[in-house]
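From these two lone chains plus the hints, build me the complex, please.
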Amino acid sequence: MKRAFPILAILTAILLSYALYSALVVAPREQTMGDVQRIFYYHVPSAWTAFILFFINFGASVYYLIRRSTKADVIALVTAEVGVVFCTVVLVTGPIWAKPVWGIWWTWDLRLTLTLVLWLIYVSYLMLRRFSTSGQTPLIAAVLAVFGALDVPLVYFSIWFFRTQHPQPVIGGGGSIDPRMLHVLLLNWLAFSCFAALVCWSRYRLEMLHREVDEAQAMEALLQPSFVTGRNSVAVSQDKLRSTESAQ
Amino acid sequence: MSTAALTGATLFKDLRLEWRSKDAINSMLFFALLVVVIFSFSFDPTAEESRQIAGGLIWVAFLFAAIVALNQTWARELRNQVLDAYRVSPAPANALFLAKAFGNFLFVAVLECLMTPLFIVFYNLRALGPVWQLPIVAALGTWALVVNGTFFAAMSLRTRSREIMLPLILFPISIPALLGMVEATTSILTGEYSAKFWIVLLAAYDLVFTIASLLLFEPVLHAE
Chain V
1 MKRAFPILAI LTAILLSYAL YSALVVAPRE QTMGDVQRIF YYHVPSAWTA
51 FILFFINFGA SVYYLIRRST KADVIALVTA EVGVVFCTVV LVTGPIWAKP
101 VWGIWWTWDL RLTLTLVLWL IYVSYLMLRR FSTSGQTPLI AAVLAVFGAL
151 DVPLVYFSIW FFRTQHPQPV IGGGGSIDPR MLHVLLLNWL AFSCFAALVC
201 WSRYRLEMLH REVDEAQAME ALLQPSFVTG RNSVAVSQDK LRSTESAQ
Chain D
1 MSTAALTGAT LFKDLRLEWR SKDAINSMLF FALLVVVIFS FSFDPTAEES
51 RQIAGGLIWV AFLFAAIVAL NQTWARELRN QVLDAYRVSP APANALFLAK
101 AFGNFLFVAV LECLMTPLFI VFYNLRALGP VWQLPIVAAL GTWALVVNGT
151 FFAAMSLRTR SREIMLPLIL FPISIPALLG MVEATTSILT GEYSAKFWIV
201 LLAAYDLVFT IASLLLFEPV LHAE
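Protein chains in written order, with the numbering used here: chain V, 1 to 248; chain D, 1 to 224.
Here chain D stands alone, though its shape is the one from the complex (with noise of 0.2 Å):
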């Protein structure tokens, strides 16, 4: 099988499981529902204020809210011994990956795209900027979360409470990544500056990590 194939059946395996479980998306959403309540409690924003700090705000939950996806990618693979027979077989270890960081990438999508009404409604939001660059944002912000995520929680497999590990190693990491995320979306709901800078770097942030994660993924899989 080559490696398009291999992702696609892993792909599908998994977003057939969470279609039948829905434990993913489930505790995603409740999470990220309750981090925006949370934080509309604690701040109170006006219209005006809230277009200052809401790309904060969506996109600390959405990150808060996926660690609760990332964690849960590798936990499923690990009953059964399913990884051992992954690593014992054949297939490229990189089809694994990609098909787990698409998986992810797609339960974030979904988690984004139903929780963004959710904010315009709570904040009262309205951009003022270019709306169009805002799903740009969004897919370059999300798969750059993912990409480093999914890695990171296969390397986190490895160790003690390793739910706790993987924001641990994440956060630092995706620094530049969220920075990037935040100030191109308020940019783009303030409309007061040009968010083309912040784009790049997401896109720089994802080419860099994806050929990282890509290279030195099989070692990380075959550790034992």
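For reference, chain V alone in the conformation it holds in the complex (with noise of 0.2 Å):
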């Protein structure tokens, strides 16, 4: 698994770049938006990995209500947090390609809504896992998220009751588009989910580190010098009065 690693970071990294190039270079210019709509195969892409990662959060909230694993809970919180980078990306990104093209910077529309809602609703998921004190944390974590997915059914219906005024989506969408923006397209969301994959993996991780870390502070405190009787905390307390005499 570790070797895993590394190979997945270079494989990203050529991709990444790869897709950098199709997105500036190989990719078609757009007959009527121009060069600004190469945003898209960032936009896009960014989008559809938020709502994986937001998806997969989900999954993990409810393994970790029903069988209360560390595992599920640290899945939880790493796809929360890289899932808020990436739909942070869509939000910047799509107002920066909507004032040139619709000649406004955003528009209450039922996909902009949508993925704001879901904004608030990470956001406000990471807030409560920051300020929440006790050790039941994971729990109130997962539940929260189980409520947020509920929620989203109810706002997309919500906002559909509004008009709509985002492009429909290009795939399925009955929309046509020139293959080769397809493949670009793709490729960039392979690229971002790869990228995705490794934040979170790193994330992971990292996250692990920390709580064994925690818990290996944890244990230290307990068995401290002054909590132990024998030769041990003896020696110790001759090594700080040693130290203080030379001191004075």
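Hint data in this document are derived by calculation from the structure and do not stem from the laboratory. The beta-carbon is built from N, C-alpha and C at its ideal position, and this holds for glycine as well. Worth double-checking, as some hints may not be accurate.
[To be verified] To list a few chain V residues with every Cβ distance to chain D over 12 Å, as calculated:
{"no.": "1", "residue": "K2"}
{"no.": "2", "residue": "I10"}
{"no.": "3", "residue": "D35"}
{"no.": "4", "residue": "Q37"}
{"no.": "5", "residue": "I56"}
{"no.": "6", "residue": "S69"}
{"no.": "7", "residue": "L91"}
{"no.": "8", "residue": "I96"}
{"no.": "9", "residue": "P100"}
{"no.": "10", "residue": "G103"}
{"no.": "11", "residue": "L186"}
{"no.": "12", "residue": "L190"}
{"no.": "13", "residue": "S193"}
{"no.": "14", "residue": "A197"}
{"no.": "15", "residue": "L223"}
[Said to hold, decoys possible] Okay, the calculated beta carbon distance ranges per label pair:
{"no.": "16", "chain 1": "D", "residue 1": "S42", "chain 2": "V", "residue 2": "L206", "range": "41 to 49 Å"}
{"no.": "17", "chain 1": "V", "residue 1": "I177", "chain 2": "D", "residue 2": "A4", "range": "56 to 64 Å"}
{"no.": "18", "chain 1": "V", "residue 1": "I96", "chain 2": "D", "residue 2": "A4", "range": "55 to 63 Å"}
{"no.": "19", "chain 1": "V", "residue 1": "W102", "chain 2": "D", "residue 2": "F41", "range": "33 to 41 Å"}
{"no.": "20", "chain 1": "V", "residue 1": "A9", "chain 2": "D", "residue 2": "I53", "range": "52 to 60 Å"}
{"no.": "21", "chain 1": "V", "residue 1": "W102", "chain 2": "D", "residue 2": "N26", "range": "47 to 55 Å"}
{"no.": "22", "chain 1": "V", "residue 1": "L126", "chain 2": "D", "residue 2": "L15", "range": "36 to 44 Å"}
If you want it as structure tokens, here you go:
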């Protein structure tokens, strides 16, 4: 497993640079929108990646509620964190594209609002985790994640009742797309997914290490010399005495 | 004791406590009054404009005021370790949750009944649509706020600065419910379109989150 990590890292680096080259050079220029449209190769894959990560977060949270597994909790935490980052990318690149094409930065349309609400829900999820004090953070966070996921269809239908201004989905939405563009889009998506997996993985390892360190520190605090009777504690106190004497 | 009897007993205890202290209702009423006055100053609407914006103003005022009551829900049980006693007792957790949710529902409903005339006076409101739908919207909307609010208040008991935490987790999840209440109220006030879709949405929201809360309350109560 440990060897797989650098392999994935190298693969991601190659894919990302090739995807960047394809998005900027290989993909044809869009007829009406011009080069601005190229942001689409970052916007859409980021959105898909974020949604997948949020979906994994939901799955991991449900699994945690059933099995109480630490791994599921850490997976839920890292997917929420990385998902919020990708969701932020979507929310930032969207207005950059929308201003020249639609003439406005933002509109309260279905997909925009849904993405924003998802972002809000997962930011509140991360804040709850940050503010939680007890050892039951995983449970409370998992419950909130389930509530957030239940909220998504309701948000969808409530905003669906407003008008929709966002361009219809290019894939499976009846719109036509140049096959070269589709190729670049899917390539970018693959690269972004690998990148997300890489970041999640390293964050997962970091979080696991954090928890191990916390546990070790808690153990160490319990085994302080003052608590331990016997030779060791005597030696330590003698050491302390000597050091105070020499200081004087 | 059955769940219904336990719910009744806890609810009655909470109502009696509230009747004697009037902490929640007084602070909510005054807070909502302040919101109404401040909104009225900051927008200064005509009768036609206020019909368009009143739905939003009313519900935002009630939402903020409800937070005051929701924050007090469980704080009362922390004193003298009442909540710990409840945890070790064999009583079903859902009875406690339902009692708290009904209690909050009653507090917010009383607040709404008292504040609505003030809104009508301050904003010169006269509904052009079917007024009989308003109580339905109010009941569904209040339950939507209160069921999640009670649940999240129990969750935020175990966080630092929990009074701030509650709105932070409640508002994002409540967005569809808030949208439903505001749109339904506006449609009834202006009479321009039907509130039916929004009433159905609110009912669906209530159903989904009531079931979710009842299913997940027990682990949340016992989390420590």
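Task: D/A4 and V/I177 - C-beta distance against the hinted 56 to 64 Å - done: Holds - the Cβ-Cβ distance for V/I177 and D/A4, about 59 Å, lies within 56 to 64 Å.
Task: Satisfaction of the hinted span 47 to 55 Å by the C-beta atoms belonging to V/W102 and D/N26 - done: 49 Å, holds
Task: Outcome for the supplied range 41 to 49 Å, where the beta carbon pair is D/S42 and V/L206 - done: For V/L206 against D/S42, whose Cβ atoms are near 47 Å apart, the range 41 to 49 Å holds.
Task: Interface-negative label, V/S69 against chain D, beta-carbon threshold 12 Å - done: Holds, since 15 Å exceeds 12 Å.
Task: Check on V/L91 being off the interface with chain D, judged by Cβ distance over 12 Å - done: 14 Å, holds
Task: Least C-beta distance from V/I56 to chain D larger than 12 Å - done: 20 Å, holds
Task: Status of V/P100, Cβ more than 12 Å from any chain D Cβ - done: Holds, because the least Cβ-Cβ distance between V/P100 and chain D comes to about 29 Å, which exceeds 12 Å.
- [ ] Confirm or reject the claim that V/A9 and D/I53 have a C-beta distance inside 52 to 60 Å.
- [x] 54 Å, holds
Task: Status of the stated non-contact between V/A197 and chain D (beta carbon gap over 12 Å) - done: Nearest chain D Cβ is 27 Å from V/A197, so the label holds.
Task: Whether V/L190 stays farther than 12 Å from all C-beta atoms of chain D, as the label says - done: At roughly 31 Å from the nearest Cβ of chain D, V/L190 sits farther out than 12 Å, so the non-interface label holds.
TODO: May I ask you to check that V/L223 keeps its beta-carbon over 12 Å from the closest beta-carbon of chain D?
DONE: Since the minimum Cβ distance to chain D is about 25 Å, V/L223 lies beyond 12 Å and the statement holds.
Task: D/F41 and V/W102 - C-beta distance against the hinted 33 to 41 Å - done: 35 Å, holds
In this structure, none of the earlier numbered hints is contradicted; all agree with it.
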